[in-house]
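S.K.: Here's the letter readout for the chains.
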Amino acid sequence: MQIEIDHISKEFGATAALHPVSLSIPSGALVALLGPSGSGKTTLLRILGGLEFPTAGRVLFDATDATNLTVQDRRAGFVFQSYALFRHMTVFENIAYGLRARPRAQRPAKAEIARRVTKLLELIQLPDIGARYPSQLSGGQRQRVALARALAIEPRMLLLDEPFGALDARVRKELRAGLREIHDTTGLTTIFVTHDQDEAMELADLVVVMSMGRIEQIGRPQDIRARPATAFVKEFLAV
Amino acid sequence: MSDAPITHSRPAHRPPTHRPVTTESPGFRYALIAVVVLFLAFLLFAPLVAVFAEALSKGAIEAVTSLANPEATSAIKLTLIVAAVAVPLNAVFGIAAAWLITKYDFRGKALLITLIDLPFSVSPVVAGLCLVLTFGANTAIGGWMVAQGYPIVFALPSIILASMFVTFPFVARELIPVMIEQGRAEEEAALTLGASGWRIFFTVTLPNIRWALLYGVLLCNARAMGEFGAVAVVSGKIRGQTATMPITIEMLYNEYLSVAAFSLAAVLALLALLTLTLKTLLEWRFADQLAAAHRP
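Taken in order, these protein sequences are the chains called F and S.
If you count by the working numbering, then the first sequence holds residues 1 to 239, one letter each, in order.
If you count by the working numbering, then the second sequence holds residues 1 to 296, one letter each, in order.
Any given hint might turn out to be false.
Here are some chain F residues the structure puts well away from chain S; computed CB gaps all over 10 Å [stated by the list, open to error]:
no., residue
1, PRO26
2, PHE61
3, ARG74
4, LEU85
5, ARG87
6, SER138
Reference listing, derived: stretches of chain S covered by chain F, where coverage requires no fewer than 3 residues with Cβ under 8 Å from a Cβ of chain F [as the list claims (entries may be wrong)]:
no., region
7, 180–189
8, 198–212
A few chain S residues facing chain F, derived, Cβ under 7 Å [stated by the list, open to error]:
no., residue
9, THR192
10, LEU193
11, GLY194
12, ALA195
Worth flagging that the hints you see were computed from the coordinates, not collected in a lab.
Ideal Cβ placement from N, Cα and C applies to all residues, glycine included.
Let the sequences and hints guide you as you build the complete structure.
M.R.: See below:
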């Protein structure tokens with residue numbers, strides 16, 4: 001799905017989290033929103049997911065206005081920073097949640113739900129953990145379960161908030177490759193937020209560098225490295 | 001013995017004593033335990049035993065007969081009715097208030113939190129008087145209700161209102177810290193998965209707060225059944241009609257009917273013990289779930 005962000009701004013009280021930003025994301029791209037904390041990248045992601053509403057501006061999905069579409073109707077697969085798995089449900093129930101929450105007419109049959117959950121567990125390469133609770137999983141496993149749960153609703157796009165933030169370096173590398181693979185097999189437009197430039201540069205097709213609620217530069221990783229557009233980008237990449 | 005290798009008898013090879021660094025010396029520990037046990041024995045256990053001993057001082061038959069007295073049965077019935085109405089209503093209000101305070105930001109939030117705590121700081125007698133002044137037969141609302149044949153004050157409605165006022169904070173106070181700690185992330189996740197508000201409440205929020213809710217409800221129930229001050233003011237203490245268990249106990253005691261007074265007191269204490277037992281049973285039954293929920 002093609003995503004168009006048209007002069008979106010967001011104010012929390014008197015502080016501006018996002019100055020009007022515009023961004024065009026081609027269908028099927030893997031995009032990184034890169035920037036330090038407080039740069040507005042998470043706010044932008046949450047606006048796309050429908051968890052925040054912009055103060056001004058429009059969001060278009062495939063050229064139709066989606067600015068006022070409710071979270072439920074957006075069908076955005078969202079992976080939260082702390083994963084936000086339902087702690088009192090098993091992994092199976094977590095992944096099945098979105099399918100079971102559908103209105104009766106669109107809800108798949110029980111056997112079909114089980115089949116899809118099993119398939120997703122295979123996709124994240126954890127076929128045997130369906131009966132476990134989130135508290136019994138490692139950080140990397142939780143992250144993959146959160147990804148499977150988001151994919152279960154057959155989302156139109158995948159939004160990930162610092163997906164590898166809480167993991168150690170080795171698991172991080174492994175999961176990066178996993179996300180790339182899932183992106184390539186599903187073909188979903190995928191946007192992830194990160195403050196880690198290596199992660200952004202290695203994984204993304206398109207990197208959006210943000211600072212203080214503004215977009216500093218948009219470009220392919222190699223182009224941003226070769227030609228930083230602003231002093232901020234130059235300095236941020238040098239760290 | 002003499003065959004044993006020499007090395008084994010060397011003190012350096014004795015297994016080291018594994019005493020955690022945070023542990024005090026045994027003497028200090030036993031002293032602490034003794035203080036706590038003595039304190040509990042004198043302050044909690046002895047009075048409880050005394051109530052039962054006094055109730056049974058003239059034999060079990062006498063005690064049971066005193067409970068069969070219509071005054072006593074009416075008091076037990078009234079107290080159970082009041083708790084049965086006040087506790088569920090306060091549970092619903094408590095959940096609503098805690099939800100509002102923890103999941104939304106709005107103007108006047110601090111004021112609302114203070115208001116919820118108000119019953120803790122206001123004397124129950126004052127609360128009762130306020131109810132009489134608001135809903136008494138001389139007021140507009142109270143007068144109109146009397147004209148319809150449903151008086152509020154000196155009748156069941158005011159007893160329920162007074163009990164609700166006094167027990168209002170328990171559920172909300174129990175829920176707010178738990179809900180703040182859990183944050184909004186799981187609810188947001190459910191939203192992005194397409195769930196409706198009610199579905200999220202019943203499948204995500206409620207299961208996450210059920211233990212705190214249970215504790216709040218139990219505390220609320222114990223207080224609702226035991227409330228004296230506020231109820232004493234609004235009920236008019238009409239024997240066999242508006243006298244709850246605590247009120248009846250006091251009246252019987254003042255009339256030197258000590259077996260009757262203490263038998264009823266023993267029933268009230270048993271009701272409290274019953275709720276505690278229920279809580280323990282539930283904790284035991286769902287121990288693994290409880291542990292799973294508390295791990296991050």
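S.K.: Hints first: check each against the structure and report whether it holds.
M.R.: Against the structure, the hints:
1. Consistency note on PRO26 (chain F): stated as away from chain S, and its beta-carbon is indeed over 10 Å from all of that chain's, at 23 Å minimum.
2. PHE61 (chain F), annotated as away from the interface, keeps every beta carbon of chain S farther than 10 Å; the closest lies near 15 Å.
3. For ARG74 (chain F), the non-interface assignment is contradicted: its Cβ lies about 8 Å from the closest Cβ of chain S, within the 10 Å cut-off.
4. Here LEU85 (chain F) does not stay apart from chain S, with its beta-carbon only about 8 Å from theirs, under the 10 Å limit.
5. Distance check on ARG87 (chain F): its Cβ comes as close as 6 Å (rounded) to a Cβ of chain S, failing to clear the 10 Å threshold; non-interface status is violated.
6. Against the 10 Å criterion, SER138 (chain F) stays outside the reach of chain S, whose nearest CB is about 13 Å from its own CB.
7. Evaluation of the coverage hint for the region 180–189 of chain S: fulfilled, as 4 residues show C-beta separations to chain F shorter than 8 Å, against a requirement of three.
8. Residues of the region 198–212 of chain S with a Cβ under 8 Å from some Cβ of chain F number 5, which satisfies the need for three, so the listed coverage holds.
9. Of the supplied interface hints, the one on THR192 (chain S) holds, with its beta-carbon coming within about 4 Å of a beta-carbon of chain F, less than 7 Å.
10. Evaluation of the LEU193 (chain S) hint against chain F yields a held restraint, the C-beta minimum of about 4 Å falling below 7 Å.
11. The interface hint given for GLY194 (chain S) holds, since its Cβ lies 5 Å from the closest Cβ of chain F, which is under the 7 Å cut-off.
12. Because the smallest distance between the Cβ of ALA195 (chain S) and any Cβ of chain F comes to about 4 Å, under 7 Å, the interface hint for this residue holds.
In the structure shown, a violation is registered for the earlier hints numbered 3, 4, 5, in ascending order.
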